Amino acid sequence: MGCQDVRNQLSAYLEGELEVAPRRAVEDHVRQCVRCQGELVLLQRTIALLRGLDEVEVPPSLSTAIQAGVRPRRGRWWREVASWLFFPIHVKLPIQAVALLLVSLGAVYLYRSAPEFSPQPPVTTESAPRSEAVPSTAAGRADRLDLAARQEAAEKSSGQREAQKERKVPEQEDAAARALRKSAPESAASAKPAEEREALRERDIGARVLRKEAPAGATIAAPLQDVMLETSDPARAIARITEIVSALEGKVEVKEERHLILMIPAKAYSHFLTALKDSGYAVSPPTESPPAPSPEGTVTLSLRLTP
Amino acid sequence: MELSNSVEMTTRAVISGGGDPDHDLVDRVLGGDRQAFASLLARHQKRIFNFMYRMVGERGAAEDLTQEVFLKVYEALPGFRKAAAFSTWLYRIAHNHCLNALKGRGREIAVSALTKEPANGNPVTALVDPSASPEERLEQRELQAVVQEKLAELTPEHRAVLVLRDIQGLSYDEIAAALELEDGTVRSRLHRARMELKERLRGYLEL
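Sequences listed follow chains U and L, in order. Going left to right, the first sequence walks through residues 1 to 307 as the working numbering numbers them. Going left to right, the second sequence walks through residues 1 to 207 as the working numbering numbers them.
No wet-lab data here; the hints were simulated from the structure. Please read all numbers here as calculations on a predicted model, not as lab measurements. Nothing false has been slipped in among the hints.
Dumping the calculated SDA-like pairs for lysine to any residue here, alpha-carbon to alpha-carbon at most 20 Å:
| # | chain 1 | residue 1 | chain 2 | residue 2 |
| --- | --- | --- | --- | --- |
| 1 | U | Lys255 | U | Glu243 |
| 2 | L | Lys46 | U | Ser63 |
| 3 | L | Lys72 | U | Thr64 |
| 4 | L | Lys46 | U | Arg51 |
| 5 | L | Lys46 | U | Val56 |
| 6 | L | Lys46 | U | Ala65 |
| 7 | L | Lys46 | U | Pro59 |
| 8 | L | Lys150 | U | Glu39 |
| 9 | L | Lys72 | U | Ala65 |
| 10 | L | Lys72 | U | Leu62 |
| 11 | L | Lys72 | L | Ala36 |
| 12 | U | Lys251 | U | Ser279 |
| 13 | L | Lys46 | U | Leu62 |
| 14 | L | Lys150 | U | Ile47 |
| 15 | L | Lys72 | U | Ser63 |
| 16 | L | Lys46 | L | Gln148 |
| 17 | L | Lys150 | U | Leu42 |
| 18 | L | Lys150 | U | Val56 |
| 19 | L | Lys46 | U | Ser61 |
| 20 | L | Lys72 | U | Ser61 |
| 21 | L | Lys46 | U | Asp54 |
| 22 | L | Lys72 | U | Gln67 |
| 23 | L | Lys46 | U | Glu55 |
| 24 | U | Lys251 | U | Ser294 |
| 25 | L | Lys150 | U | Gln44 |
| 26 | L | Lys72 | U | Val70 |
| 27 | L | Lys46 | U | Glu57 |
| 28 | L | Lys46 | U | Ala68 |
| 29 | L | Lys150 | U | Glu55 |
| 30 | L | Lys150 | U | Arg51 |
| 31 | L | Lys150 | U | Ser11 |
| 32 | L | Lys72 | L | Arg34 |
| 33 | L | Lys72 | U | Ala68 |
| 34 | L | Lys72 | L | Arg28 |
| 35 | L | Lys72 | U | Arg71 |
Generate coordinates for the entire structure from the input sequences, incorporating the hints supplied.
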């Protein structure tokens with residue numbers, strides 16, 4: 001065994017870990033080799049120095065500091081909340097997932113079954129005499145109040161579902177009623193005082209009807225479904241309506257004292273409404289969009305005059 | 001040598017042995033018993049503090065690191081699997097934390113330890129013979145300071161095995177578990193560390 005081999009074994013030799021044969025080999029070598037003997041002694045002293053080092057006393061403040069730094073085992077509130085909500089994950093997460101699914105399904109069911117959200121047939125919305133149609137994409141309330149802008153938008157508008165929703169929202173109805181009142185002086189500017197009062201009264205009634213009495217699914221799209229027009233003077237109203245319809249090359253058939261059948265060319269329908277409005281009359285439900293015309297291009301209205 | 005033997009016996013009594021009493025304390029701590037944590041602390045803080053002191057060579061830094069280790073242990077306690085002795089697990093955390101701190105602080109700790117903490121830190125009183133003359137005692141204290149100084153010059157990996165084996169008296173198995181090394185690696189690393197320290201102390205050891 002050479003010097004390097006012996007020196008590699010010195011640590012194990014001092015630990016008493018060598019088997020008999022290698023231990024004797026180391027001992028034999030060290031007896032004969034002064035340098036390896038010196039290395040062994042130095043290594044022994046090194047280990048002795050290390051083992052002789054005393055333990056350092058722990059500062060008394062250390063334990064206190066550690067215990068002060070340790071928070072109660074219960075943990076912070078958010079951890080407790082998180083633990084309560086999510087742990088054990090394999091139990092609570094599936095439950096939460098199922099609950100979320102059920103809530104979602106419930107929401108969809110409610111959405112579909114609620115009449116407010118269900119699809120409705122087209123219906124007109126406006127009781128204001130001047131209006132012809134309702135902008136389906138009116139972005140805001142201000143736009144709705146702006147009658148001129150509304151009229152422009154109405155020319156481009158084709159959708160009617162929004163109009164249905166709008167009709168049902170009281171806030172928007174109020175806006176419509178306000179707009180109606182606002183426009184009253186303008187629209188009635190050329191009317192006689194008595195007619196003006198009558199027109200204003202009828203408009204107010206129209207607004208109230210619009211607000212309170214309009215049935216949810218009301219529509220004039222169906223031919224011959226009754227359309228109401230409130231007036232205290234049926235004879236004068238019939239005369240005026242007849243005049244308007246005739247001017248538009250339509251026909252008026254007086255069925256009863258307060259029941260008229262109007263046949264108006266579809267193209268002239270908006271003019272009919274405008275003229276009606278200008279005369280201070282409003283129909284209920286409001287008829288902004290023309291009902292479905294006949295193959296001949298004629299719109300038929302069943303108009304009942306109510307006191 | 002008697003002292004080192006007694007240290008080793010004490011260490012082994014705590015570290016090994018069936019029915020590790022620490023396991024019961026751990027359970028109690030997890031159940032919210034803060035007194036049990038105080039007991040764990042009392043049983044182990046001295047050895048961890050000494051390990052840190054020998055590793056970094058400065059009491060203040062050793063204090064900080066010991067505190068950090070026990071706080072870390074407290075937080076990690078729910079993850080302690082009782083397959084090993086608590087003390088082994090504790091040493092593993094302490095060793096890793098110490099190496100990270102040494103890497104983070106570079107050589108700052110080790111270098112400061114060489115000069116700032118001479119024998120008046122009372123680390124090596126066992127080497128001081130009470131019956132020795134004042135001159136001899138001064139010489140012994142200086143030698144103790146030199147040992148700490150040369151220890152600090154080793155790599156942290158070599159220093160750790162020397163501290164655990166020759167100063168704290170852990171078995172090879174315990175060291176292997178604490179440092180997460182193979183048993184043979186512990187032995188060879190220990191031998192190289194001893195030989196390196198011997199070379200650094202040569203001038204002081206030769207008579």
